[in-house]
Amino acid sequence: MSTLRPLHDRVIVKRLEEERVSAGGIVIPDSATEKPTRGKVVAAGTGLILSDGKVRPMSLKAGDVVLFGKYAGQEIKIDGEELVFLKEDDIVAVIEG
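Take the sequence shown: its letter number 68 is residue 68 in this note's numbering, and every next letter is one higher.
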């Protein structure tokens with residue numbers, strides 16, 4: 001895979017697959033599933049440049065598992081891998097544990 005380095009307060013996320021079996025044991029087909037809103041951070045920028053020129057460091061790092069909005073970011077395919085480019089503000093939570 002090509003090396004990607006997002007700029008400023010942007011992150012690159014790889015979507016994680018959602019559960020494909022319902023609680024009752026029914027297998028959900030691909031056509032009925034929604035896009036996952038959970039992903040793993042592949043790369044993160046250095047931080048947001050503030051109006052005074054200082055940089056606010058990122059609170060995310062590569063390897064973090066995060067939640068983001070269903071329609072957030074921009075999808076792009078690089079080397080056959082589907083990735084999502086997001087701003088740090090588009091990420092709503094980090095899943096710990």
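In case anyone wonders, no lab produced these hints; they're calculated from the structure. Every residue, glycine too, gets a C-beta built ideally from N, C-alpha and C. Mixed in with the good hints, there may be bad ones.
[Unchecked claim] In the DSSO-like style, the derived pairs of lysine-lysine whose C-alpha atoms are separated by at most 27 Å in a straight line are:
(1) 14 with 77
(2) 77 with 54
(3) 77 with 87
(4) 87 with 14
(5) 54 with 87
(6) 61 with 87
(7) 70 with 87
(8) 14 with 61
(9) 54 with 70
(10) 70 with 14
(11) 40 with 77
(12) 40 with 14
(13) 40 with 70
(14) 40 with 87
[Stated by the list, open to error] Computed Cβ-Cβ distance ranges for the label pairs, DEER-style:
(15) 78 with 53: 29 to 37 Å
(16) 93 with 49: 34 to 42 Å
(17) 92 with 47: 16 to 24 Å
(18) 52 with 14: 15 to 23 Å
### Message
Run through the hints listed earlier and report the numbers of any the structure violates, in increasing order.
### Response
2, 9, 16 and 18
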